[in-house]
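Produce the complete structure using the sequences and hints provided.
Quick note, the sequences are listed as chains A and B, same order. All the letters of the first sequence, read from the start, carry residue numbers 1 to 634 under the working numbering. All the letters of the second sequence, read from the start, carry residue numbers 1001 to 1386 under the working numbering.
It is possible that part of the hints are untrue.
[Claimed, not checked] Distance condition first, Cα-Cα at most 16 Å in a straight line; then the derived EDC-like pairs of lysine to aspartate or glutamate: (1) A:Lys502 / A:Asp574; (2) B:Lys1243 / A:Glu49; (3) A:Lys502 / A:Asp372; (4) B:Lys1168 / B:Asp1216; (5) B:Lys1243 / A:Glu56; (6) B:Lys1243 / A:Glu47; (7) B:Lys1022 / B:Asp1375; (8) B:Lys1243 / A:Glu57; (9) B:Lys1243 / A:Glu46; (10) A:Lys502 / A:Glu337; (11) B:Lys1022 / B:Asp1077; (12) B:Lys1243 / B:Glu1269.
If you are wondering where the hints come from, they were derived from the structure by calculation, not from laboratory data.
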Amino acid sequence: MSLLPPGRREETERRRLFTRRAAALGLGQLGLLGFLGARLWRLQAEEGERYRTLAEENRISARLLPPPRGRVLDRNGEVVAGNRLNWRALLVAEQAQDVGATLDAFSRLLPLQEHERARIERELRRHRRFVPVTVRDFLSWEEMAQVEVNAPDLPGILIDVGTTRLYPEGEHLAHIVGYVAPPAERDMDGDPLLALPGIRIGRAGIERFHETALRGRAGAVQLEVNALGRVIRELDRQEGVAGQEVSISIDAGLQRAVHTRIEAGTSVVVLDARNGEVLAMASQPSFDPSLFEAGVSARQWRDWTRDRATPLINKATNGLYAPGSTFKMVVALAGLEARTIAPTDRIHCPGHLDLGDTRFHCWRRQGHGSLDLRGALKQSCDVYFYELARRTGIDRIAAMANRFGLGVDLGIELPGAKRGLVPTRAWRQAQGKAWNPGDTVVHGIGQGFYQITPLQLATMAARLATGRAVQPHLTRSLGGQAMPGGRPEDWPPLGIAERDLKLVREGMWAVVNEGGGTALGARLPGQFGVMAGKTGSVQVRRVSREQRERGFRVERQPREWRPHALFVAFAPYDAPVYAVSVVVEHGMSGAGAAAPLAREVMVEAFTRLRTPPLPPPAPSSGPRVAEAGAGGKR
Amino acid sequence: MSGAAPYERRLLLRDRGGLLRKLWRIPWSFVLLLAALASIGYVALYSAGGGPEPYATKHALRFGFGLVLMLSLALVDIRLIARLAWAGYALGLGLLVLVLLHGNVGKGAQRWIDIGPLQLQPSELMKIMLALALAAWFRRAGRERMGNPLFLLPPALLVLAPVGLILKQPNLGTGLITAMIGGAVFFAAGARLWQFALALGAAGIAAPIAYAHLHDYQRARITTFLDPESDPLGAGYNIIQSKIALGSGGIWGRGFLQGTQGHLNFLPEKQTDFIFTMIAEEFGLVGSLATLALLVLAIGFCFLTAFRCRHAFGRLLAVGLGTNLFLYVFVNIAMVTGAIPVGGVPLPLISHGGSAMLTTMLGFGLLLSVHVHRDVEFAPAGEGYR
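Structure representation (structure tokens):
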């Protein structure tokens, strides 16, 4: 093979050019690969530690373990708020390829309503992508199985077993135990537990008052997870602290009996007069507390709030009434203490009292004639107490009322309970108005500006019966730890002369047990002991002189204009155990509507529990273990 | 011996007696280097699969098959290969058209076709065929011819045709890589630098115009390719997890089968595109640099072969194949270290995948043929060459 010299020369030249070019190319490539080597050095040698940490964070996922919510038990250990297992479907956006597609697939199994879908999408926007959002709560076993079987078609959906709050007594105790509901944005108090799906917080009643104790503390588990969030193994676990059990003083059986007995607009409070424990507190109408668990529909809410019978409001603590004649004991004690009257002093009742050019009528138009204190209480003479109030003055009466728990915050464990109002001169002046002598007269029979709750009336009855400043309360023990206040000695004496108290009690005894008493029909059957009480009837509308002259009859008025019927009582007379208040809205008269009801309640209470056991008087310091759960002492 | 025997047959038959000599010329140390890389792949895939199945055993079998293919090719006379270059190029281009018409869609792009049990990515094959065709074209290109734009026009079309088809899939990354391989052969063949400047300028003008004619979804793909952070849950997530895996390996690694990122599936596609991170996580900087060094040696061998070859065809083919190998290695490792956007490029000999192994070994077979036949003389013009 022969190549010409010029060709050979060109070949050599080409080869030289190639060598230069290929060398440049190779070196360039080597340089770039060297850059990769340097990059590996930086990532692995210099920043290795940082990435190691990131890898650990990737790998380890901390999850909160929601503690079981504490139960609420009644005084006999009956569960009045418990927990029940339920299943729910959660969606983790991070694990779903396409949230919309997953929800569509879920809808084909268990149809989702339009508003449910809107809620899910809203929550998904609000939470971070790895936070599970509840798709459907309260799944039945079959529904849960259906979702589990189709899991491969539902990326991002997981089934969680949780608990639902259970209220065995339903509406009977709804006003006291309260209810739980999903927390709102404003409820976030920094407890990470509240961010968990399905968590519920107490929104009313005991559930809300003892929220911290009932909620418990979240546990945490550290899990090794893979990129899909699937748990590979558990690395560490810190158990949470279960919510504490709350034992309340309510007797569920008595509560049920009372609540089913009364009609709409009526409220009844039964206290243990000796220590202030609330044994029953009923207010009609009520509501089903379990409806809140899943979130109340707008329509249900509208129905409740527009209902004039106010089912959501506990009338026993939030209903405000003038006490009427049930207030007369307070006026009597104020007068006795101020010595504006002596027990034997008599006042003549001609059927009315004239003050200036105003005439104040007694309920008995023909008058009661001459009466002493006992007789005035027994017959509930208005003129006697008009006069007594006029002599005593409104501020002394108000001070005495406060000592009996009227118009003061009693500290009951029901959030939102009303304080009420007992007017004084100063209060009226703060309103920019003057206190007229005529006002004092009207307030002498418990009418006027008073705003008193049935719970306060029952408290007044208990304090009258025992002479001690017992406060109504519901909590007997918290997490097995007895709360103070269970023993009569826990409460200080009222500081009212026993002689005065005795006199007033005698008057109350006469109301029920003596001929001429206003509530003679309410006398207890013999075996249950003797009840003492006081009736009250409160005008809800002012009756003008013209109406009175034209022959005013309350019976002919529309229902909502009729007077409220009130009754306060305690029994047994010689060793008081129960204190009761009854308010029947528009019940016409205390003697006709409230007193018979109070009698039935007393009979029921004595039948169920002749004398509720008291904790032993143990002055020694240190916490006692409560007898919570040791029921059956009926 | 029939004088009428075709040139090709003579090429095959003439060296029959020299088969042993050819076997002797095969660079067995290079074969050993490839085996070492494939072993690293086996170990990494063993870890990725949590055992010999499903990846590692297949990988070894494929490598064995590829080895036979490579050694067979090594014995084929380079002149015969040069003769068949055009046919190969036509085949590659035909497959690219076929994949556009009947290909399977993967990740939104048409990329492979099924040939029996094998999934073939024609774009991978095309890169090798392009190197072959360009080497054949520039084989006898002298200095004057290289200066003639008319002479450069046909090879430019040889590059643009497959690049256009690959971009149409659309596969921007592979399209660019193919163009770069073409560019490397042009460069090695002695194309003037101003010609490169001209080509780059033309591309710079054409790109925005082409972009303007794209559909929105196509543009979205390009934006994601250029800026993976714009899609943090897609490509960006992969890169972040990949960097974490690399970094957490540290210097000595977390130990064989001990990598959490890989084993807990934080690493995406750990058996294919992200296999290097498995190595880096479990064997640390030591393992990753060793792997990189072996790959650099393999690339270096391509260039060495080019320098030692006495014919232009072999030299240019070796540079083209070397550049192809380099681009695989660089794009893959740069991608997993987060230096460049994700490209979907496997790591040769290490990543899982039959098609990739086949084309890689095909390329090495051609390279070995160049090496074995580095001293042969091509027939002068007129005998067999038009």
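Report task. Compare the distance between the alpha carbons of B:Lys1243 and A:Glu46 with 16 Å, and conclude whether the hinted pair is satisfied. Result -> holds, 13 Å
Requested in this report: Would you check the hint for B:Lys1243 and A:Glu56, treating anything up to 16 Å between C-alpha atoms as holding?
Outcome: Judged against 16 Å, a Cα distance of about 13 Å means the pair holds.
Report task. Take a quick look at whether B:Lys1243 and A:Glu49 sit within 16 Å of each other, Cα to Cα. Result -> Roughly 12 Å separates the two Cα atoms, so the pair holds.
Query - 16 Å Cα cutoff - pair A:Lys502, A:Glu337 - result: Roughly 13 Å separates the two Cα atoms, so the pair holds.
Query raised in the report: Going straight from one Cα to the other, do B:Lys1243 and B:Glu1269 come out at no more than 16 Å?
Result: Holds, because 14 Å separates the two Cα atoms, which is no more than 16 Å.
Query raised in the report: Do the alpha carbons of B:Lys1022 and B:Asp1077 lie within 16 Å of each other, as the hint requires?
Result: Holds. B:Lys1022 to B:Asp1077 sits at ~10 Å (cutoff 16 Å).
Report task. Starting from B:Lys1243, check that the Cα of A:Glu47 is at most 16 Å away, please. Result -> holds, 10 Å
**Report entry** Restraint status (C-alpha distance of B:Lys1243 to A:Glu57 at most 16 Å)
**Finding:** holds, 14 Å
Query raised in the report: Does the structure keep B:Lys1022 and B:Asp1375 at a Cα separation of 16 Å or less?
Result: holds, 12 Å
**Report entry** Given hint A:Asp574 paired with A:Lys502 - CA-CA distance at most 16 Å
**Finding:** Holds, at about 10 Å.
**Report entry** Pair hint B:Lys1168 and B:Asp1216, alpha-carbon separation not exceeding 16 Å
**Finding:** holds, 15 Å
Query raised in the report: Are the Cα positions of A:Lys502 and A:Asp372 separated by 16 Å at most?
Result: This hinted pair holds, its Cα atoms lying about 15 Å apart.
The structure shown violates none of the earlier numbered hints.
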